[in-house]
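Counting from 1 along the sequence shown, just add 157 to a position and that's the residue number in the working numbering.
Any given hint could be a false lead.
[As the list claims (entries may be wrong)] Once the Cα atoms are required to be at most 20 angstroms apart in a straight line, the calculated SDA-like pairs of lysine to any residue come out as: (1) Lys-922 with Gln-956; (2) Lys-596 with Val-904; (3) Lys-552 with Asn-479; (4) Lys-728 with Leu-676; (5) Lys-551 with Gln-473; (6) Lys-552 with Ser-509; (7) Lys-957 with Phe-910; (8) Lys-907 with Ala-928; (9) Lys-949 with Gln-965; (10) Lys-596 with Leu-555; (11) Lys-569 with Tyr-312; (12) Lys-692 with Asp-671; (13) Lys-478 with Asp-671; (14) Lys-551 with Ala-503; (15) Lys-692 with Val-853; (16) Lys-922 with Gln-954; (17) Lys-949 with Ser-959; (18) Lys-720 with Leu-676; (19) Lys-728 with Asp-708; (20) Lys-894 with Val-904; (21) Lys-551 with Ser-509; (22) Lys-949 with Leu-927; (23) Lys-894 with Gln-844; (24) Lys-478 with Tyr-283; (25) Lys-692 with Leu-676; (26) Lys-255 with Arg-483; (27) Lys-907 with Gln-965; (28) Lys-569 with Glu-554.
[What the hints assert, rightly or not] Ranges of calculated distance between the beta carbons of each label pair, as one might list FRET restraints: (29) Gln-697 with Ile-369: 54 to 60 angstroms; (30) Ile-792 with Pro-908: 57 to 63 angstroms; (31) Thr-366 with Lys-525: 35 to 41 angstroms; (32) Val-744 with Leu-911: 36 to 42 angstroms; (33) Thr-289 with Arg-350: 40 to 46 angstroms; (34) Ala-597 with Asp-789: 23 to 29 angstroms; (35) Thr-289 with Gln-745: 20 to 26 angstroms; (36) Asp-382 with Gln-920: 39 to 45 angstroms.
Rather than coming from a laboratory, the hints here were simulated on the basis of the structure.
Built from N, CA and C at the ideal position, the CB exists for glycine as well.
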Amino acid sequence: MSEDFTMPEWLSSYINSSTAADESKRLLNTLFSRLSGLNSDEVSFRANEIRRLMRNSGFADIDERQNWQLDPLPMLISSQDWDVISRGIEQRVLLLNKVLLDLNTDRQTLTSGVFSTGHLMRHPYYLAESHTLTSLNNGLFLSAFDIAQDVNGEYFMLNDHCQFPRGLGLLLENRIVARRVMSEEFAECGVQRIAGFFEQLQHAIDQETAAINDPRIVILCRGPDDQYYSEQAYLATYMGYTLVRSADLTVRKGQVWLKALDGLRKVDVILRWIEDRFLDSLEQVDYSAFGIPGLIHAVRTQNVVLLNPLGNGAIQIPAIKNNLHRAAEFFNGEPLLLRQQETFPADSIMQSDWPGFELMSYVDPELKLDGDKDADTIANTLQTVALPDLFWRKKVELSHTPFWHDAGLISKPVIMRCYALYSQGQVFILPSAMCFTPKAARIDGKTEIKDTWVETIGPPQERVPSIPKSLQSDADLALVEGLLPSRTAENLFWLGCAVERSENVIRLVRVFIDKFTELAIYPDEAHKNALLRFKTGLEQQALIYPYLTPDTPNLGDSEVGFKELVISLLKDNAFAGGLYSSINMVVQSALQVRELLSYDSLRIIESLEEEHHEFSTITEQTPTHRLQSTLDKLIGLTMAFNGSIQDSLSKSNGAFMIEIGRRLERSKQLVSMVQNLLQFPLPEAEQQNVLEIVLVAQVSAITHRRRYRAFQSIETGLELLLLDAEYPRSLAHQIQKITELCESLPVSAKPGFLSTTEKILLQLKASFALADRQTLNINTNQTPSGLVSLLKSVTSQLQKFSEMMQTQYFSHTKPASQLHWSGIGTASVQIVEKPIDEKATAPLASAPDASSPNESEVKK
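Turn these sequences into a full structure, and let the hints guide you.
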């Protein structure tokens, strides 16, 4: 890019008013020179496109519960500044590793007075149980560091994050999104690559289990309620690891097992995204539903590798953090390259100087008072809390950088979060950072973030192969076994059910609108009675989930209430099977398994969620043509989602579970429609109207007319919908597909015997194989017909199959709960899980260190 360029007014006004140092202005000129060809409208368009892409990836929500907002302008860092930062991070990582190893072994820093023992051991983040672990289970692995530059250009270390590095997945997505949206403006910018760091991270994890063939590696997170869940799911997808929660794991006889669809599978490495004190309620004081009871015992006996190791949260304790400069002199005989914020005793700062400081506690992590805003609270705290437990921390006046806001640039303070990996005695630093605004500078509570681009010197970097050349020829090593946790399988099953429910109710409501708008044109009795039967089935949820038994329709009702019913089905969550509830279930189920879904599938889910939010604008005054247009759009999205799943989700990742859910739900819907609309005799004209409603709702009207051109009746319609196994919408076809899909489920029966699943499906297939058109004849006398008996039998078998799926494949052990002394001795049912693993077999113990129960105890 030439140095001679015309800077547009929206850029020049900012740089002319900037008070940044000369080096910062040089970087701003470099940045702005690449934006000089854009006007403010084009930048706003790119900002909106970034928001859309972030929503598609799950880092922002329609209702803005997650408030990450990526700025379209990256932050540039010169190679000289990055050299200062990286050397400071490397020094700090090596120092922190020495501190952690010392605290859990010789404890020279405590005996020598480097750290205050009293303050350290009274802090809730101090974990005595970490001292029982071997040196192999201590030290740093993956860390994050918050670094800021002050107005004088000096870099300060603000915070260490040594338990797990929040924001790492977000940084990765930021780079991909920023490159996509601003690629032309920043072509040939000479930015350091970041992919090599993630390849090095995978290599470091592999090194931890070098002796194990095909180790099982999982990422442990809190679940979808965590605001960082999206980035954890993104990392799991990017790195190819299984994303789990505490309920997916269990400890048996000192080993950690994953509750997979076919039983328990041994876990070798846990990359955790949960705080130290919440990892194991069995040995720790704090109770948490996020941890795994018995995990510390498994780590202690070296049956599982925990990354980051337990106890790294000690670095955040002020007794250690405030004295790291002393630890640097103690261990290395040198000062810290990146200074920390200065701290002072509680009685050493005059009240007039409070605005430049924060009052904090050595033993209470929740105490943090701003000297400028919380003066009254500070005065009271200094009177009521022991002064040796308090300290002042000097604020750092942060440097500013431009952010895009409301079609213009504004200046905001910024903090950089950098990432480092410690492995085999070496420190690897990610050549980028996630820049974010501090809490005080946020607008509307949104955390504005930037991608950080580090300048390179010399020719562009070449991509290093991700695997050694010696292994590139061994193609067999590339194939590893996929793991499908039973919870994930269950969520996929319900996702399939929800998608099918949504499609069904959309089609039913579209047909209902067509029929009641036709009533003014065709006001005959047969048309009206058929419509009223249809209305009763929808109103009383007989044709939609939960498929209740309706009352006899009152055919004397007028057409009043037709549109009101449509509005209720669209936006009233009181209808369990209504469109509002069904699409909400689709969105929530998809979020539970987002790590398995492709980008295109997630885009469709995002579009469904947008339409879902638009339901609130629908009123009784909304024209029916607009309702029809909305329904047409929704049916297109649901069918597109089905297609994307079939094309992108593999069988090993659970595609068959979605299909089983869809086919089972479609079977229930079809049985319910026939039972409520077609199984009883009606006047011929009315019956033809009812049959047309069912055929149109089942997308079968054209096929029925083409196949039965000479003669069409209720029997021909039933034959097509129920018995034709080659017709994709028929009930017999659904049972056939479910039977084929269930071959992917693990079989628990003895060789030569049928499993419960196979018996139920065999009975269903036999029912349709033995039925014919004569069976479908409707009895005109009030005696039960063959159709009634067939549908009753099918309903019973489908219910058994659904219950069997939930109990046999989706049954999980009870989650950990806090034990009260009053409950000890109370009889309780124990769930015994049988592990299935080619490597090892877990003992069937109810506690990590309990002896294995004998056969009689298991039977009990």
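Going through the hints against the structure:
Distance restraint check for Lys-922 and Gln-956: the Cα-Cα separation of roughly 15 angstroms lies within the 20 angstroms cut-off, and the hinted pair is therefore satisfied. For the proposed pair Lys-596 and Val-904, the alpha carbon gap of about 54 angstroms is over 20 angstroms, so the pair is violated. Restraint check for Lys-552 and Asn-479: satisfied, since their Cα atoms lie roughly 14 angstroms apart, inside the 20 angstroms limit. Restraint check for Lys-728 and Leu-676: not satisfied, since their Cα atoms lie roughly 24 angstroms apart, outside the 20 angstroms limit.
In summary, the hint linking Lys-551 to Gln-473 is supported, as the alpha carbons are separated by about 17 angstroms, within the 20 angstroms threshold. A distance of roughly 15 angstroms separates the Cα atoms of Lys-552 and Ser-509; the hinted pair therefore holds under the 20 angstroms criterion. Pair hint Lys-957 plus Phe-910 holds up; C-alpha atoms about 19 angstroms apart against a cutoff of 20 angstroms. Pair hint Lys-907 plus Ala-928 does not hold up; C-alpha atoms about 31 angstroms apart against a cutoff of 20 angstroms.
For the suggested pair Lys-949 and Gln-965, the alpha carbons sit about 24 angstroms apart, so the restraint of at most 20 angstroms is broken. Simply put, Lys-596 and Leu-555 have alpha-carbon atoms about 13 angstroms apart, close enough for the 20 angstroms limit, and the pair holds. With a CA separation close to 17 angstroms, the supplied pair Lys-569 and Tyr-312 stays within the 20 angstroms bound. For the given pair, Lys-692 sits about 13 angstroms from Asp-671 by alpha-carbon distance, which is consistent with the 20 angstroms threshold.
This hinted pair does not check out: Lys-478 and Asp-671 have alpha carbons roughly 70 angstroms apart, beyond 20 angstroms. Simply put, Lys-551 and Ala-503 have alpha-carbon atoms about 12 angstroms apart, close enough for the 20 angstroms limit, and the pair holds. A C-alpha spacing of about 16 angstroms is found between Lys-692 and Val-853, which places the hinted pair at or below 20 angstroms, so the restraint holds. The hinted pair formed by Lys-922 and Gln-954 meets the criterion: a straight-line CA distance of about 11 angstroms does not exceed 20 angstroms.
In summary, the hint linking Lys-949 to Ser-959 is supported, as the alpha carbons are separated by about 16 angstroms, within the 20 angstroms threshold. For the hint linking Lys-720 to Leu-676, the alpha-carbon distance of about 13 angstroms falls within 20 angstroms, and the restraint holds. For the proposed pair Lys-728 and Asp-708, the alpha carbon gap of about 24 angstroms is over 20 angstroms, so the pair is violated. In summary, the hint linking Lys-894 to Val-904 is supported, as the alpha carbons are separated by about 17 angstroms, within the 20 angstroms threshold.
Between Lys-551 and Ser-509 the CA atoms are separated by roughly 14 angstroms; this keeps the pair inside 20 angstroms, and the hint holds. Of the pairs offered as hints, the one joining Lys-949 and Leu-927 holds, with about 15 angstroms between alpha carbons and a cut-off of 20 angstroms not exceeded. Between Lys-894 and Gln-844 the CA atoms are separated by roughly 30 angstroms; this puts the pair beyond 20 angstroms, and the hint is violated. For the given pair, Lys-478 sits about 13 angstroms from Tyr-283 by alpha-carbon distance, which is consistent with the 20 angstroms threshold.
Pair hint Lys-692 plus Leu-676 holds up; C-alpha atoms about 13 angstroms apart against a cutoff of 20 angstroms. Restraint check: the Cα-Cα separation between Lys-255 and Arg-483 comes to about 13 angstroms, which is no more than 20 angstroms; the hinted pair holds. Of the supplied pair hints, the one linking Lys-907 and Gln-965 holds, its CA atoms being roughly 16 angstroms apart against a limit of 20 angstroms. Annotation: proposed proximity of Lys-569 to Glu-554 holds, straight-line Cα distance about 12 angstroms (limit 20 angstroms).
Between Gln-697 and Ile-369 the Cβ separation comes to about 58 angstroms, which falls inside the hinted range of 54 to 60 angstroms. Between Ile-792 and Pro-908 the beta carbons are some 46 angstroms apart, a value that contradicts the proposed interval 57 to 63 angstroms. A hinted range of 35 to 41 angstroms holds for the C-beta pair Thr-366 and Lys-525, which are about 40 angstroms apart. The given range of 36 to 42 angstroms is respected by Val-744 and Leu-911, whose C-beta atoms sit roughly 38 angstroms from each other.
Hint check: Thr-289 to Arg-350, Cβ distance near 41 angstroms, so the stated range 40 to 46 angstroms holds. Between Ala-597 and Asp-789 the Cβ separation comes to about 48 angstroms, which falls outside the hinted range of 23 to 29 angstroms. Take Thr-289 and Gln-745: their Cβ atoms lie about 41 angstroms apart, and the range 20 to 26 angstroms is violated. Between Asp-382 and Gln-920 the C-beta distance comes to about 41 angstroms, which sits within the given range of 39 to 45 angstroms.
Hints 2, 4, 8, 9, 13, 19, 23, 30, 34 and 35 from the earlier list are contradicted by this structure; the remaining hints agree with it.
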